[in-house]
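Asker: Bring the two chains, given one by one in their own frames, into a single complex with the hints.
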Amino acid sequence: MSDHDYRPKSRVGQWFNDRLPLLTLANHLTDYPTPKNLNYWWTFGGILTFCLITQIVTGLTLAMHYIAHADMAFESVEHIMRDVNYGWLIRYIHANGASMFFLAVYIHIFRSLFYGSYKAPREIIWIIGIIIYLLMMAAAFMGYVLPWGQMSFWGATVITNLFSAIPLVGEGIVTWLWGGYSVDNPTLTRFFTLHYLIPFLILGLVVLHIWALHVPGNNNPVGIDIKKPSKDTVPFHPYIVIKDGFALLMFMIVFAFFVFYAPNILGHADNYIEANPMVTPAHIVPEWYLLPFYAILRSVPDKLLGVVAMLSAILILAVLPWLDTSKIRSAVFRPLYKQFYWILVADVLILGYVGAMPAEGLYLLIARVATAYYFLHFLVILPVLGFKEKTLPVPLSITEPVLGGSPNLAAARNKESKIE
Amino acid sequence: MSEKKTKRRDFLFTATTAVGAVGAAAVVWPMIDQMNPDASVKALASTEVDVSSLTPGNTLTVLWRGKPVFIRRRTQEEIDEARKVKMEDLIHPERDEDRAKNPEWLVMLGVCTHLGCVPLNDKGDYNGWFCPCHGSHYDTSGRIRKGPAPWNMEVPKYEFVDANTIKIG
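For the protein sequence lines, the chains are P and S, in the order given. Residue 201 in the working numbering sits at position 201 of the first sequence, with consecutive numbering throughout. For the working numbering, count along the second sequence from 1 and bump the result up by 1000.
One chain only, chain S, in its complex shape (with noise of 0.2 Å):
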C-alpha cells in the first residue's frame, strides 16, 4: 500500500468501475427520459386557427400545446403606444417592430414568465395585460413592465398560411 506503483489489479478494479457504471447510466437514462414529452404530445405541435372575426381592439384566445395563445388585433393607438416605449424603460428590451412583423397582429403566449399563470387582457398600468397571480404587468405589445415576471410574454413561431388563417408552432 506504501508504493505508489500502479498494479494490475488497481487497473481491474478501475475498468470495471467505469464499464459498471456507464451501464447504470444506460439503464437509468431511459427511466429519467420516459418522463419527457412522448410522440402522442409532440405530434400535437402546429394548429391552425382562423382569425377573419376578429376586428381591431380585441382579443381570441386558442390553445396551443396545452397553453393559452393570445391573438390580439392591435387598434392604431396600441401600436403607437407600444411603439414609442424607449428600450431604456423596458426590463427585457424588445422593439415591437420585432415582436409584430404585422403591426396590426400581435401572437404571443397567453403565459406569464413569472410562474406561468394566464394574465387579463386589458388590464394593468400599461393598456395591455396583468396577471393576476403575482401582480406583472404587461404592455401593448406584451412587454414585461412592472412586477415579478422576468421576461416578455413569449413570441411563438407563427405564419398567416392565408389573409384570414394564422398557423402557431
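Extracted from the complex, chain P is given alone in its bound form (with noise of 0.2 Å):
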C-alpha cells in the first residue's frame, strides 16, 4: 500500500510504467508485509491458485478432443483415453484435480474458521469466497455431466430437478435448464458451454480475493491487527513465496499420487456405462466434496424443505461474519469456540460419510442429528458464545511475547505451546 513512490531502476522502465504502473504492481506484490508468524495452514491460498490453473490448462486441452454431443461425448472421452497422446494424463489430472481443488478450498475455509480470518474487516474477502466456492461447485457438477456416463446423466437428473421443488415455476425453469422435457443434448451442449466459462469468472473473483485481501492484510495465528510492515511482518517475497512453494511440492505429491497410482479411486465405476435415460443406477451418489450437503437434502422428508436445507447450509455461511458475535478472531484465544469448532469439523465429516450411505435406519437418524446439530452450531453456539465465553488474553503484538516484552507473557507462551 505504502509503495506508491516506487520508480523503476531502469530508463525502459521508468518510460513503461509512467503509461501503465505494471512494475508498481509487481513491486507492492513481492514487497507486501506479510505477518511473520503465517504457519502452513495459510499456504492453501497458493495451492488453490496452482489448482485453479491446472483445471484451466488441461481444460483446455482436453476441450480440443472432447465433443460435447449426446451420440458421441463418451466416445470421445474414450478416444482422449485411449488415442491422444498423453490423453489419459490429462484427463487424470483434470478429473483428479477436481477433487484436490476441493480438498485445498475446504483445509482454506476451515482454516478461517479456526482462526476467524472471516471477521471485521475482511467480511468482503470471505464473502467473495464463498462465491467462488459456489460457482467452484457449479463447475465441478456440470464437468461431471460432461463424460455422458450414467452417472453424469443421473446426477443431472437429480440435481437440474432439484429446481423442481420451487412452488408455480419450478417445472418451467427445469425444462428451460435442460432445453427440453429431460436431460438430453441441448442439456449436454450448454453445460460443456457454461463449464469453460465458470473457471474465467472464478479467476476474475479470485483477482477480487486477493486484491481485498491486500487492502488489510492477511490475518495471522495469533489473530490481532499488527502494524504494517514493523517487525511483525516480513516481505511477500522471498518469505512467504519459498514457504508457499515448499508447501506446494508436499501438497502435489498427494496430487500425483491420485493421479499416477489411483486415478479412478474417487469417481464411480457406473460413468464408465453410458448414458441410458431407461435405467437408473442403483445408487445415486455425487462426488466426495458434495457428500455432506447432499446428506443434509435427504436428512428432510419434504421435497421443497430439503432444497431449502441444503441450499442455506451453504449460504449460512455467506451471513458467518454477523452470526459469529465474538470480537476475537483467533481459536488459540477461545477455550469453548476451539471445542466447538472440532464438533463442527467431526459434524461435517460425518455428515459426508453418511451422505455416501444409503438414506435408511441408522444413517437416516445419524444424518437428521448432524444437519440439525450443524444449524445450531451457526445460528445458536455461534451467537452466543460472542457473549458468554470467556477469553483469554490476547498479545500485544507478534514480536512482544516472544521477547518478553507482553504484559500477558505467561498467557501468550501458554498459547504457543498449545498451538504446537
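Since the hints were derived computationally from the structure, they do not count as laboratory data. Take these hints with a grain of salt, some might be off.
[Unchecked claim] FRET-style restraints, in silico, Cβ to Cβ:
id, chain 1, residue 1, chain 2, residue 2, range
1, P, Trp176, S, Asp1098, 52 to 58 Å
2, S, Thr1017, P, Val241, 47 to 53 Å
3, P, Leu304, S, Arg1083, 48 to 54 Å
4, S, Asn1164, P, Leu168, 37 to 43 Å
5, P, Leu194, S, Glu1088, 18 to 24 Å
6, S, Thr1014, P, Leu135, 46 to 52 Å
7, S, Thr1014, P, Gly245, 18 to 24 Å
8, S, Thr1017, P, Val254, 54 to 60 Å
9, S, Asn1121, P, Leu168, 28 to 34 Å
10, P, Asp302, S, Asp1089, 15 to 21 Å
11, S, Thr1047, P, Ile173, 24 to 30 Å
By construction, the Cβ of each residue, glycine as well, lies at the ideal position given by its N, Cα and C atoms.
Answerer: Listed below in C-alpha cells is the structure:
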C-alpha cells in the first residue's frame, strides 16, 4: 500500500511504468508485508491458485479433443483415454484435479473458521470466497456431466430436478434448464459452454479476493491487528514465496499419487457405462466433496424443505461474519469456541460419511442429528458464545511475547505451546 | 432540489430510462428463451406403441420425449388392491379409476416425482414401484405412499388408437 512512490531503476522501466504502472503492482506484490508467524495452513491460497491454473490448462487441452454431443461425448472421452497422445494423463489430472481443488478449498475454509479470518475487516474477502466456492461446485457438477456416463446423466437429472421444488414456476425452470423434457443433447451442450466459462469467472473473482486481501493484509494465527510494515512482518518475497512453494511441492506429491496410482478411486464405476435414460443406477451418489450437502438434502423428508436446507447450509456461511459475535478472531484465545470448532469438523465429516450411505435406518437418524447440529452451530452456538465465552488475554503484538515485552507473557507462552 | 415540483428534465430522465429498460428487456428475452425446448424437440411430441405382446402382470417401458413411460398390463389382484385404498391413506389423493380409465392398463411417466430417477418395477412396500435413489414407494396405481416424493407418478395424455396400439402424447 505504501509503495506508490516506487520508481523503476531503468529508463525503459520508468517510461513504461509512467504509462501503465504494472511494475508498481509487481513491486507491491513482492514487498507486500506479511505477518511473520503465518503457519502452513496459510499456504493453501497459493495451492488453490495452482489448482485453478491446472484445471484451466488441462481443461483447454481436453476441449481440443472432446465432442459435446449426446451421441459422441462418451466415445470422445474414451478416444481421449486411448488414442490422444498423453490424453489419459491430461484427463486424469483434470478429473483428480477437481478433487484436489476441493480438498484444498476445504482446508482453506476451515483455516478461516479456526483463526476467525472472516471477521471485520475481512468480510468482503470471505464473501467473495463463498461465491468462488459456489461457482466451483457449479463447475464441478457440470464437468462431471460431460463424459455422459450413467452417473453424469443421473446426477444431472437429480440436481436439475432440485429446481422443480420451487412452487409454481419450478417445472418451467427445469424444462428451461434442460432445453427439452429430459436431460438430453441441449442440456449437454449448454453445460459444456458454462463449464468452459465458469473457471474464468472464478479467475476474475480470485483477483478481487486477493485485492480485497491486500487492503487489510493477512490475518495471522494470533489473530491480532499488526502494524505494516513492522517487526511483525516479512516481505512476501522471498519468505512467503519459498514457504508456499515448499507446501505446494508436498501437495503435488499427494496430487501425483492419485493421478498415477489411484486415478479412479475418487470416481464411480457407473460412469464408465454410457448414459441410459431408461435405467437409473442402484445408488446415485455425488462426488465426495458434495456429500455433506447431499446428506442434508436427504435428511429432510419434504422435497422443498430439503432443497431449502441444503442451500441454506451453504449460504449461511456468507453471513457468518455477523453470526459470530466474538471480538476475538483466533480460536487460540477462545477455549470454548475451539472445542465447538472441532465438533463442527467432526459433524461435517459425519455428514459426508452418511451422505455416501443409503438414506435409511440408522444412517438417516445420524444424518438428521448431524444436520440439526450443523445449523445449531451457526445459528445458536456462535451468536451466544460471543457473549458468554471468557476469552484468554491476547498479546499486543506478534513479536512481544517472544521478546518478553508482553504484559500477557505467561498467557501467551501458554497458548503458543498449545498451538504446537 | 428542495422543491418537489416535477420538472421537464425529470420527465425526460424517467421516459428515457423506461424506454431503455424496455429495449434491454427486448434484447435479453431472446437470450433467455433460446434455452427453452426448440422446434425439433417439440416435434417429437407423440409416439405410438404396439402393446399386443404384453401379457397381464408385465410392464413395457418406452421412451417418450426422452423420458421412460411405463405401460403396465395389470392383473386383477393389482387392480383390486389399487381400488380398495382409502383416499385418507394417500399422500396425493387420486382415485385409481381416474388414473387408469381402462383398469387393465396403467400408463404413466416412469419418473419419480422427487428428483427424476426411474423407479424399479415390482418393488417396494406396496407391490408397485420403488425408487432406488431416495427411497420412494409407489403402489399398484403408481401413487406415492411412502418416501420423499411429493406426487403420484404422472399420467400423460394417451389414447388407444386400436385394440393393440397406444398413442402417447
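Asker: A separate judgement is required for each hint: does it hold in the structure or not?
Answerer: Status of each hint after checking the structure:
1. Trp176/P - Asp1098/S: 52 to 58 Å: Because 30 Å falls outside the window, the suggested range is violated.
2. Thr1017/S - Val241/P: 47 to 53 Å: 50 Å, holds
3. Leu304/P - Arg1083/S: 48 to 54 Å: 31 Å, violated
4. Asn1164/S - Leu168/P: 37 to 43 Å: The hint (37 to 43 Å, Cβ to Cβ) holds, given that asparagine 1164/S and leucine 168/P are roughly 40 Å apart.
5. Leu194/P - Glu1088/S: 18 to 24 Å: 46 Å, violated
6. Thr1014/S - Leu135/P: 46 to 52 Å: 37 Å, violated
7. Thr1014/S - Gly245/P: 18 to 24 Å: With a Cβ separation near 58 Å, threonine 1014/S and glycine 245/P fall outside 18 to 24 Å, so the hint is violated.
8. Thr1017/S - Val254/P: 54 to 60 Å: 55 Å, holds
9. Asn1121/S - Leu168/P: 28 to 34 Å: Holds - the Cβ-Cβ distance for asparagine 1121/S and leucine 168/P, about 32 Å, lies within 28 to 34 Å.
10. Asp302/P - Asp1089/S: 15 to 21 Å: 19 Å, holds
11. Thr1047/S - Ile173/P: 24 to 30 Å: 26 Å, holds
Violated hints, listed in ascending order, are 1, 3, 5, 6, 7; each of the other numbered hints is respected by the structure.
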